[in-house]
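**Student:** Sequence order for the protein chains is C and S. Just so you know, the first sequence maps onto residues 1320 to 1685 in the working numbering. Just so you know, the second sequence maps onto residues 161 to 431 in the working numbering.
Calculated from the structure, these hints are not laboratory results. All figures in this text were calculated on a predicted structure; none of them were measured in a lab. Hints should not be assumed to be uniformly reliable.
As a list, the in silico EDC-like pairs of lysine to aspartate or glutamate whose alpha-carbon atoms are at most 20 Å apart [stated by the list, open to error]:
#1 Lys1424/C x Asp327/S
#2 Lys1475/C x Asp327/S
#3 Lys1607/C x Asp1595/C
#4 Lys1452/C x Asp327/S
#5 Lys1452/C x Glu331/S
#6 Lys1593/C x Asp1685/C
#7 Lys1473/C x Glu332/S
#8 Lys1644/C x Asp327/S
#9 Lys1607/C x Glu1577/C
What follows is each chain in one-letter form.
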Amino acid sequence: MKNDAFISIRNVNKYFGSFQAIDNVNMDIGEGEFFSLLGASGCGKTTLLRMLAGFESTSDGEILIDGQPSADVPPHHRPVNMVFQSYAIFPHLNVADNIAYGLRKHKLSKPQKQEMVDEMLELIKLPGYGKRKANELSGGQRQRIALARALILKPKVLLLDEPLGALDKQLREQMQLELRALQRQVGITFVFVTHDQEEALTLSDRIAVMSGGKVLQVDTPEGLYEAPTTREVASFIGNMNFFQGTVRRNGSSEAAIETQGLGSIPISLEKVTKPDGAPVQVALRPEKFELLEEEPTGGHFVSAKMDKTAYLGERSHYYVTLDGKSEPVAVSSTNQFVARDDDRWKEGEPVWLSWSPEAVVVLDAD
Amino acid sequence: MSARGDTGTYIKRPNRPLQIYAVIFLIVLYVPVLFIPMFSFNDSIYVRFPLQGFTLQWYAELWSRDAVWAALFNSVKVGAVVAAISTILGVVAARAITRYRIPGKSALVTFIMMPLVIPGIIFGVALLVLLSRMGVPLSLYTVTLGHLIVCLPFAVATLLPRFEGFDPSMEEASADLGENGWWTFWRVTFPMVFPGVVASLLLTFTISFDEFIMAFFLTGTDATLPMYIWGQLRFPQEFPSVLALSSLILFISFILVFIAQRVGRMGLEDA
């Protein structure tokens, strides 16, 4: 993490009456970063974003934007602009006037303004749309106008409150790519609020996972997915299998975890800080398992029984049962070698599960 | 209306009894009123059938009467002031009701709307007692005060849906784009509620222009138009010109309210 954080959030709390919406949040956002706040609805992510915009005050703690304390700065004096979830396109103004709305104080001549608006329309790929009325626009177009209206002011930070939530799936995926390309092009810090983990993984440089007003983990998409630090994060991002286990240290350089279902797994010492006999959880993603017909000759494996299968086209999901574990284990594998119905696993068939100890994540016990 | 045989959807299918009911409803409501313009063109000072013949004599007589012009001018003055003040108060009230968390909000709205259901005679007497206790002489100012009480609920009722119908994030977006509260009001809030403001002005003007009971208690020496009509009813020979004047008021009121209804709904359907 860079020292020169562009936005610093320090010990911030927010209460609505007796309800605590933000619980002691600390984080730094770097300049030019695409930063996402990810969480289920009611987790405090939108409140935090509205604090950055100046629409909500902090109950205590402070927020620095570009080194400046922001507590007493009203929204209209902040170097940040926001794209609203509803887009908030002014219905009484045409597209060009919407985009130029914030330029009043800049005292520009009409041709200068026109040129800036045209440049923006070019950027959002809607050239020639200046004279259109707001109610003649589709959802995707409104979303782009909202972006242009904010970006024309060259803000230091752009705040986006679930801007893709109202779009259908196909348009959303297209807009994700465009948004990412746009952010690289303009180089502005983006703070993006979403409840869609896939969207956050696709777009972000870093993601803060929030729950109940707290920040659970701030990390890169790979970091969150491959090395979650809590069970909550592990199960929120993607699917995860959890196994109860106990730490076994032999005094040597090697440690192992005795698990229910997967047997003993050797673990490098830096992954285990707990003493011998401490209860832990072991987590493994469904795609980290390999399904085999025959007993493997080496490595880590366990015998299992196929319980349920689901064919999803590009890949299949399976649930297998293990001795010593009550819940079935989710396994996901590509259908690279599946061409016919016969190639697939049948329910009730005996199978072998193989995995690599490097893929194992060790978490504290509940 | 859809063609016969096409039963339409459940809600939109034609309903014969309902159509007949609507026609009867309109007849009962408006036929008595239509007698007024009809007799205002009748060439006789007696209001009775058969009609005698067509004349514009009563209208011409009105034109040349100074007292009518004075009363008309008084009514327009009062109406314009009442419309302006009640609409401004209505905008402020509607914005406060829709934008702020006010404890007991629904009770507050009920109290604002109360004059709609309290008989005008009660308000009229109450104000008259109050004003005479305070030693305020009756004049067009006291009539204006009375009309404000009558008109304010109409202004709020017209403006409230406009304010409720627009997304609070519009105002936040304006602030976010660098405008303070004052500029946000003039660049976003006001243009968005403007049709409601026009509707409220027209409606409150019409109500004040037509109002009789408050004016009856609170008028001093200067009569408003309805007061003038009331005064003329004592003279049988003046009755046809009263009918002519009433017809004009009826016509203008209808036009103004019709425009107010159209303007007030502008932009709400396609929002």
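**Student:** Give a verdict on every hint.
**Tutor:** Quick rundown of the hints versus the structure:
With a CA separation close to 25 Å, the supplied pair lysine 1424/C and aspartate 327/S exceeds the 20 Å bound. Taking the CA atoms of lysine 1475/C and aspartate 327/S, the gap is about 26 Å. The hint is violated against a cut of 20 Å. Restraint check: the Cα-Cα separation between lysine 1607/C and aspartate 1595/C comes to about 27 Å, which exceeds 20 Å; the hinted pair is violated. For the given pair, lysine 1452/C sits about 18 Å from aspartate 327/S by alpha-carbon distance, which is consistent with the 20 Å threshold.
As the CA atoms of lysine 1452/C and glutamate 331/S are separated by approximately 19 Å, the hinted pair is consistent with the 20 Å bound. Taking the CA atoms of lysine 1593/C and aspartate 1685/C, the gap is near 14 Å; set against the 20 Å cutoff, the hint holds. Using a Cα cut-off of 20 Å, the hinted pair lysine 1473/C and glutamate 332/S holds, with the two alpha carbons roughly 18 Å apart. Of the pairs offered as hints, the one joining lysine 1644/C and aspartate 327/S is violated, with about 52 Å between alpha carbons and a cut-off of 20 Å exceeded.
Simply put, lysine 1607/C and glutamate 1577/C have alpha-carbon atoms about 19 Å apart, close enough for the 20 Å limit, and the pair holds.
In summary, the structure is inconsistent with hints 1, 2, 3 and 8 from the numbered list given earlier, while agreeing with the others.
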